[in-house]
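Trainee: Chains as they are written, first to last, in the working numbering: chain A, 1 to 237; chain B, 238 to 474.
Take the hints with a grain of salt, since some may be wrong.
Straight-line alpha carbon distances no greater than 30 Å define the calculated DSS-like cross-link-like pairs of lysine-lysine that follow [as the list claims (entries may be wrong)]:
| id | chain 1 | residue 1 | chain 2 | residue 2 |
| --- | --- | --- | --- | --- |
| 1 | A | K219 | B | K290 |
| 2 | B | K372 | B | K290 |
| 3 | A | K56 | B | K456 |
| 4 | A | K23 | B | K315 |
| 5 | B | K458 | A | K219 |
| 6 | A | K226 | B | K331 |
| 7 | B | K345 | A | K164 |
| 8 | B | K304 | A | K56 |
Derived, one-sided and incomplete: chain B residues facing chain A with beta-carbon distance under 8 Å [claimed, not checked]:
| id | residue |
| --- | --- |
| 9 | I285 |
| 10 | T310 |
| 11 | H317 |
| 12 | G457 |
| 13 | K458 |
| 14 | L465 |
Think of the hints as simulated: they come from the structure by calculation, not from any bench. Being a predicted model, the structure only gives us computed values, none of them experimental. Ideal placement from N, C-alpha and C gives every residue a C-beta, glycine not left out.
Listed below are the residues making up each chain.
There are 2 protein chains.
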Amino acid sequence: MPNFSIDQHTSAQFNAELEEARKNLMEMGGIVEQQIEIALKSLIDVDIELAEKTIKMDKEVNKMEVKIDKETTQILAKRHPAATDLRFIISVSKTVNDLERIGDEASKIAQQSIELSKDGAGPQGYVELRHIGEKVREMVQASLDAFARLDTDAAFEVLQQDKKVDLEYNTAVRTLVTKMMEDPRTITRAINVLWSLRAFERIGDHARNIAMNVIYLVKGKDVRHKKLEKIEETLNK
Amino acid sequence: MPNFSIDQHTSAQFNAELEEARKNLMEMGGIVEQQIEIALKSLIDVDIELAEKTIKMDKEVNKMEVKIDKETTQILAKRHPAATDLRFIISVSKTVNDLERIGDEASKIAQQSIELSKDGAGPQGYVELRHIGEKVREMVQASLDAFARLDTDAAFEVLQQDKKVDLEYNTAVRTLVTKMMEDPRTITRAINVLWSLRAFERIGDHARNIAMNVIYLVKGKDVRHKKLEKIEETLNK
């Protein structure tokens, strides 16, 4: 963990505990990234096995959430972290929460793949799905990389990406609704695509939250609910 | 705060800080409850003014989130809370997070009211909306009451309610999709109702999370991702 204060602790045990929390967070992040990838593939290929795998992985993600939350609580109780260490624990804890919710959204997407598989495949709306799905997977990856490298510039890029994804999502929903009106026989399938799009859009929001946690960790500033320009100012100070 | 350990602190200042956090949490909860009520009314009455009021209130909710998070972080840094005090701080922090997300969902509902108002009112799907909306508002209220009174039985009831709401939500969505297929002219409006239903269902999930925070606070047990029967066993121990 470069540029980070954990090396200066007198207690080697404390260092080890912080490093363990960081390691577990990154491991959880890796599983969640995989979940998004598999969920997206299950949609595009209408592959039920992959969908079931995504849902199964969510159990693992939930266990990691409980485990890491327990670890960070113990660190708070025993070590009384202050300054950067405290911000680190708080950021880990918030990020774990976002990762768990991303896992939930990936499961919901997998559930939609299963529903879609029931009435045969059709490419309607899938171009947008694939595009937005890949984009938010990259955002999650980028936000976790930013966390690992304490890179606020990379974190800020994720915030910018999220703005774009929100716009693309709105366009995709509008297109889908228009198609539904043109051909009402596709309504059931279109609703499944709609829920999947929504889940991907939510994943993008969680990646944005993780990026904000990175900024809080590094700069000590809570930038939630602030406009991008204001956040940029904070970063350049 | 009856049955709670804050009375035993040697530092009157520490007591005052915990009490302040509790007070602010409840104040935030009150605003969010009101937000749900107004958002629901804005939908039913297709009242744009109320919708705009809901969205405006969200700014207040966001400010409270940042404020309370800052307070709890300061308590962690200065007071090194342990045992129940630490669980109290963690529960407040998690509950604040859920309340903020409820506020977001209320805003999304208000946004749908504004969309619905554009093409004139229609009662389609509103019976379910009103029913589910009122139910989740009660759940949020009950979860906050359970927090204030440290009442795990009341918290458990919220978990049970959430199961019921999820079932009702699924039925409502199916009904709505059937109606869309029968009369495709209603698609745009039905999609707005669908998003509103989803938002209410999510609010129910957050009420459930708050109830789980209460159980964690009082019993020291993390019951997330556990089945209701298992949670009931934990409470009877």
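Trainee: All hints are to be evaluated individually against the structure, with a verdict given for each.
Mentor: Tested hints:
Of the pairs offered as hints, the one joining A:K219 and B:K290 is violated, with about 34 Å between alpha carbons and a cut-off of 30 Å exceeded. About 21 Å separates the Cα atoms of B:K372 and B:K290, which keeps this hinted pair within 30 Å; it holds. Taking the CA atoms of A:K56 and B:K456, the gap is about 29 Å. The hint holds against a cut of 30 Å. Between A:K23 and B:K315 the CA atoms are separated by roughly 27 Å; this keeps the pair inside 30 Å, and the hint holds.
Only pairs whose Cα atoms come within 30 Å are accepted, and B:K458 paired with A:K219 is rejected, the gap being roughly 33 Å. Restraint check: the Cα-Cα separation between A:K226 and B:K331 comes to about 21 Å, which is no more than 30 Å; the hinted pair holds. In summary, the hint linking B:K345 to A:K164 is supported, as the alpha carbons are separated by about 19 Å, within the 30 Å threshold. Only pairs whose Cα atoms come within 30 Å are accepted, and B:K304 paired with A:K56 is rejected, the gap being roughly 38 Å.
A hinted interface residue such as B:I285 counts as satisfied when its beta carbon comes closer than 8 Å to some beta carbon of chain A; here the least separation is about 20 Å, so the hint is violated. Interface restraint check: B:T310 against chain A, minimum CB-CB distance 6 Å, threshold 8 Å, status holds. For B:H317, the suggested interface contact is upheld, since its CB lies about 4 Å from the closest CB of chain A, less than 8 Å. Using the Cβ-Cβ criterion of 8 Å, the hint placing B:G457 at the interface with chain A is not satisfied: the shortest such distance is roughly 10 Å.
The interface hint given for B:K458 is broken, as the beta carbon of that residue sits about 11 Å from the closest beta carbon of chain A, more than 8 Å. Interface restraint check: B:L465 against chain A, minimum CB-CB distance 16 Å, threshold 8 Å, status violated.
Checked against the numbered hints listed earlier, the structure breaks hints 1, 5, 8, 9, 12, 13 and 14; every other hint is satisfied.
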